[in-house]
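Participant: Residues per chain, in single letters:
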Amino acid sequence: MVSDTGRARGARSTRSKLDQALRADKDLKLVAYIMGGHPNRKRSIEVGKKLATSGVAALEIGIPHSDPLADGPVIQRAGQAALEHGINVEGCLEVAAAIAAEGTPVVLMTYINPILAYDPRKFAAEAAQAGVAGVIVPDLPVEESEPVAGWLRSASLDTIFMVSPTTSAHRLQSICEHSSGFVYCVTVTGITGARKEIPAGMKELIQQVRSHTELPVAAGFGISRPEHMKALRGTADAAVVGSAIVAEIDKGSDPVKLVKELLKACR
Amino acid sequence: MGALEELEDVWHEAKADTQFQLELAGHRRAFVGRPTPLYSATRLGEHFGGAHIHLKREDLCHTGAHKLNNAVGQALLALRMGKKRIIAETGAGQHGVAVATVCARFGFECTVYMGTEDMRRQSMNVRRMKLLGAEVVEVTAGTKTLKDATSEAIRDWVTNVRTTHYIIGSVVGPHPYPEMVRDLQRVIGDEAREQYLSVDGKLPDVVIACVGGGSNAIGVFTAFLDDKDVALVGVEAAGEGVRTGHHAASLVGGRPGVLHGSYSYVLQDRDGQILPTHSVSAGLDYPGVGPEHAFLRDAERVEYVAVTDKDAIAAFKLCTRLEGIMPALEPAHALHHAGVMAREYGPGGRILVCLSGRGDKDMDSIDGV
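Keeping their order, the protein sequence lines are chains A and B.
According to my numbering, the first sequence is numbered sequentially starting from 32.
According to my numbering, the second sequence is numbered sequentially starting from 204.
None of these hints come from the bench; they were simulated from the model.
Note that this is a predicted model, so its numbers are computed, not measured.
Keep in mind that the hints are not guaranteed to be accurate.
Claimed, not checked - Ranges of calculated distance between the beta carbons of each label pair, as one might list FRET restraints:
1. Arg74/A - Arg546/B: 56 to 62 Å
2. Pro104/A - Pro459/B: 26 to 32 Å
3. Gly265/A - Phe234/B: 40 to 46 Å
4. Gln51/A - Gly336/B: 36 to 42 Å
5. Ala307/B - Gln160/A: 29 to 35 Å
As the list claims (entries may be wrong) - Using 20 Å as the maximum straight-line C-alpha spacing, the simulated DMTMM-like pairs for lysine to aspartate or glutamate come out as follows:
6. Lys291/A - Glu115/A
7. Lys333/B - Glu320/B
8. Lys288/A - Asp58/A
9. Lys153/A - Asp474/B
10. Lys513/B - Glu503/B
11. Lys153/A - Asp472/B
12. Lys261/A - Asp56/A
13. Lys287/B - Asp212/B
14. Lys347/B - Glu115/A
Glycine included, C-beta positions come from ideal geometry on N, C-alpha and C.
Just chain A, same shape as in the assembly (with noise of 0.2 Å):
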């Protein structure tokens, strides 16, 4: 599925699918997250489908952790439920399997320990088993990321860094250069969660990494309101919804629903 990329750093010979789905042509691409085993497994998987048909450029799953650091409490406690449920590494990545044979490209995103447990070896060959395009791992720093990130690599998955307002200059250049698949831009300075505005100084953020990549830019964390597409749009490439998403789901309701009135903010 994902045999046709080629990585090597610098020379891009071929777009990961990541890549070519997340680059905004006239429209801002949306990317949709939930987690995955929440609120139950089958559910998720149901979930998940309709999302990845519903108009989105990617869906990102999350893998849950008991401490997820990088996460507000609209996903932690997405989390905590899916951890009750039983979910586990093997079982997201079967819900990741079934999301990804829809055919949009699915990401996961989940904290380092779960993956060393498992072995990062044997989650990256699954990974890409599965179907799955890229890897987040929010807790994983880029001067820390050998040797999970060489595993990601030779298993063709794309390893997406994140760059923050705080990010030194030297830092946001090495960030670039070992990505794959697109940058993520995190908007704020703090953890995951739905925000009123997005902060000033994105604009400039994501210039910044424009001139270290030509890799797609996506915004995430806080973003959750048509205005807030409409303010990436002719900035970033992508926005990247999650606890907005993950809160419908709480409640019960459909989050296409939200997503549909997303995407129409990003024409």
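Model the placement of chain B on the given structure of chain A, informed by the hints.
Facilitator: Structure of chain B alone, referenced to chain A:
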């Protein structure tokens, strides 16, 4: 990562700066109350069969524990970095009190994160922090103890990193914290080694300290690492027993993993999820441990053992009755093991225990038993 890089630079600068060192030494003398005494616990020694037991009296530090050594040093760093606000996590409340104390002393805004469960166990320390002007934020997530308070403090830090310094209370967390906190706590061992030599002309046979995150232990061990004939023993919390699963002994019962930004021994299930811990002592109730302890364990320089709640409480009572010193429940774990080793060495055995804090805060936990 940006803030960690800044912290590392500022710390290395400050370490090399004579002015900073003089200032730190001044605060240690007049504010913390250093050097703390080395005390010969003769009645305890007799009780254990005639060994010579010495206690390094960190319980006599201002605020009642070794935690202030670290808090004072990091407060000076925060001043140097121009930060206005300080945050901290706390388990037993001793670190929280130490941080609230330096914030009052130096005029920082202060927020302390504490799990609901620990607020219940250590209500007196909650009151102390509030009187000192700190905001105490209750953490209701996860196991409602030190681990979750640490996660919440980290979330606050990444959100307010431009104005805020995070004073971690132990030798845990991401680099440079384990190294920096060790450097600020090694005053315990440096003093103790000199004091021991001046009293006895010889070094102890063994140095014993309790290990939660491991800051008092690293503090006292570091001075003795090169003394090959001095055995070093770290004592973890076995809770209801390591085999029961209700414990907090990361080095004795855990596996390598990542928690709060460092790779060390961690109590976790097979899926890499962090396990709930149990210890009667809130200060040892943490599923990870400083990465340097992991190294010292693997290098076989330090031996790590675990002592149960029951044995620690008995040692607490014994020390109180025989020496007129009420230890905190944390070092009571080390005191129990001192008894075990005293019997091993027999009369003439030379044992140094780090008495990391005093026990007033634990009255309620003891009464309940």
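Participant: Does the structure keep lysine 291/A and glutamate 115/A at a Cα separation of 20 Å or less?
Facilitator: Status violated; Cα separation ~31 Å.
Participant: Given the hinted pair lysine 288/A and aspartate 58/A, is their Cα-Cα distance within 20 Å?
Facilitator: It holds: about 19 Å lies between the C-alpha atoms, which stays within 20 Å.
Participant: Compare the distance between the alpha carbons of lysine 153/A and aspartate 474/B with 20 Å, and conclude whether the hinted pair is satisfied.
Facilitator: Roughly 13 Å between the alpha carbons, so the hint for lysine 153/A and aspartate 474/B holds.
Participant: Decide if the proposed pair is consistent with the structure: lysine 287/B and aspartate 212/B, CA atoms, cutoff 20 Å inclusive.
Facilitator: holds, 19 Å
Participant: Check whether the Cα positions of lysine 333/B and glutamate 320/B lie no farther apart than 20 Å.
Facilitator: Judged against 20 Å, a Cα distance of about 17 Å means the pair holds.
Participant: Quickly compare the C-alpha distance for lysine 261/A and aspartate 56/A to 20 Å and report which way the hint goes.
Facilitator: holds, 15 Å
Participant: Does the beta carbon distance between alanine 307/B and glutamine 160/A stay inside 29 to 35 Å, or does it fall outside?
Facilitator: violated, 58 Å
Participant: Could one say that the CB atoms of glycine 265/A and phenylalanine 234/B fall in the range 40 to 46 Å?
Facilitator: For glycine 265/A and phenylalanine 234/B the Cβ distance comes to about 56 Å; the hint is violated.
Participant: Has the given pair, lysine 347/B with glutamate 115/A, been kept, meaning a C-alpha gap of at most 20 Å?
Facilitator: holds, 17 Å
Participant: Has the given pair, lysine 153/A with aspartate 472/B, been kept, meaning a C-alpha gap of at most 20 Å?
Facilitator: Cα-Cα ~18 Å, so holds.
Participant: Quick check: does the Cβ-Cβ distance between glutamine 51/A and glycine 336/B fall within 36 to 42 Å?
Facilitator: violated, 56 Å
Participant: Under the criterion that the straight-line Cα-Cα distance not exceed 20 Å, is the pair lysine 513/B, glutamate 503/B satisfied?
Facilitator: Violated. Lysine 513/B to glutamate 503/B sits at ~28 Å, over the 20 Å cutoff.
Checked against the numbered hints above, the structure violates hints 3, 4, 5, 6 and 10; every other hint is satisfied.
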